[in-house]
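Protein chains: 2
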Amino acid sequence: MPQPALPNARVQGGTRVFAIVGDPIAQTRSPLVFNELFLRHDVDAVLVPLQVPAADLDTVMRGLMRIPNLGGFVVTVPHKIRLVEFVDEVLPIAARVGAINCMARAADGRWRGEIYDGEAFVAGLRKFGRDPRGWKVFQAGAGGAGRAVAHALAAAGVARLDLADVAVERAAELLADLSRLYPDTVFRFAHDAPADSDMVVNATPCGMAAADPLPFALDPLGPHALVADLIMKPEQTALLQLAEARGLATHLGRHLLDCQAEIIARFWGALP
Amino acid sequence: MPQPALPNARVQGGTRVFAIVGDPIAQTRSPLVFNELFLRHDVDAVLVPLQVPAADLDTVMRGLMRIPNLGGFVVTVPHKIRLVEFVDEVLPIAARVGAINCMARAADGRWRGEIYDGEAFVAGLRKFGRDPRGWKVFQAGAGGAGRAVAHALAAAGVARLDLADVAVERAAELLADLSRLYPDTVFRFAHDAPADSDMVVNATPCGMAAADPLPFALDPLGPHALVADLIMKPEQTALLQLAEARGLATHLGRHLLDCQAEIIARFWGALP
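Respectively, the protein sequence lines represent chains A and B. FYI, the numbering for the first sequence is 29 to 300, going by the numbering used here. FYI, the numbering for the second sequence is 29 to 300, going by the numbering used here.
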């Protein structure tokens, strides 16, 4: 029998198992990204997709969390908020955001939850030489990922954050929270991107479906503005296509996922 | 990003997931064998090891069985008997043996359980050109796998089956069951392998540990006798080493596993 060359091609008895839980799950790129990462670092681990219907979340998670060689989860739609209650310890950003996107089993068996969307988004910017320190940023969307990104941008030292959301109260709550934590940063509620924005970020789901309208207009922006989208599928959203057509720099949603895999794998203790 | 060449090196969102459940689990060869099989048949599926402590069996299995893209299980020690109660339908051999070694989710969502140890053992013999039809066989061990093997040997048309077990009642019960089902075959209780045996089979756990005594003596056997062991680790048990030293043909435990993977993968609907 030939020995396959790739570590996760030969998942074996001692291989550490990780899972992404969500519903639907077939569209997720996470297994590809994580398994490629394990492969690159020669780590004997595999990440598998597990479809977990919302109605069965309790039953399934109570079961999965008792499997000793299953060391961690990536948490995706629609479980990010409900799974906060399942972990023994909610880490700081997750506590503020009210959502987790990953769970790790600590050495003592306790489960910890955190959300790394924001940290990974900022890491992705920096990977392309774009440090947001001092930037004026416009962001649409204050949902789970949006909140995490806003917190991370504030922590990264943006000078100003203009926030738009159809749910005004949700946005106001986030702005108040951020203002308390980062008194030197300007936080404002906005409807449209100001002309002097250094970056505009789409943190709404607008753009996942082909028929979606644009999440916001690009008309006011100057030529130096960076247009970022958190959406991963399609990779080239209508917003990013329009930005390119106008000669603006763009930043893809998948950079977040690529950076996040490393951050989460370290959180699991699966990477050195 | 380079595209890994092997299908299960790139487990992705749509990959079908299967699991082997047992405790301990790190020693199992099943993931290697199944994943190599999926690879060879270009099937987008992966089998992962899941350690399931006996104390958590209910909680874990109730959870796992609700995951729609988890289509089947290999069941190993110590869960083969208890999981019989978890399936909606117990297939014929499992019902007779009182144990299952695999579970499959049917199209209607119902779970079915069967034990294929015996069928796989006979398939392994045939793969090496050894059809047991008409053979006189001595077998030690009437536990779960032993019962399955005895049923399969009877179904394959052996002329005589001599059965040894330290638990005499268990052996007697199996012999009575087999005698009813196969009235043309001779079934006897035995302590030692008769000199005219065509094959002797070790279906006891004796030989897994280095300090184990031999499960039975090879002294009475003629030169044409085949010595088979169901033990997979170590691959070369003391029994098989002694047989080789005496010039007798041997049959390894792993042939059962190799054949079983195909049979079980078909039971899952994962192989064409």
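If you're looking for bench data, these hints aren't it; they were derived computationally from the structure. Each hint should be verified, as a subset may be incorrect.
For identical chains, the list gives no copy identity; a pair is met inside one copy or between any two copies.
Unchecked claim - SDA-like, lysine to any residue: derived pairs with alpha carbons at most 25 Å apart:
#	residue 1	residue 2
1	Lys-261	Gly-171
2	Lys-155	Pro-248
3	Lys-261	Gly-41
4	Lys-261	Arg-38
5	Lys-261	Gly-42
Against the structure, the hints:
Taking the shortest Cα distances, Lys-261 and Gly-171 sit within 25 Å of each other inside one copy (18 Å), while across copies they are farther apart (53 Å). Taking the shortest alpha-carbon separations for Lys-155 and Pro-248, neither the intra-copy value of 27 Å nor the inter-copy value of 74 Å comes in at or below 25 Å. In this assembly of identical chains, the alpha carbons of Lys-261 and Gly-41 lie at most 25 Å apart only when taken from different copies (13 Å versus 34 Å within one copy). In this assembly of identical chains, the alpha carbons of Lys-261 and Arg-38 lie at most 25 Å apart only when taken from different copies (18 Å versus 29 Å within one copy).
Only between protomers do Lys-261 and Gly-42 lie at most 25 Å apart by alpha-carbon distance; the minimum there is 15 Å, versus 34 Å within a single protomer.
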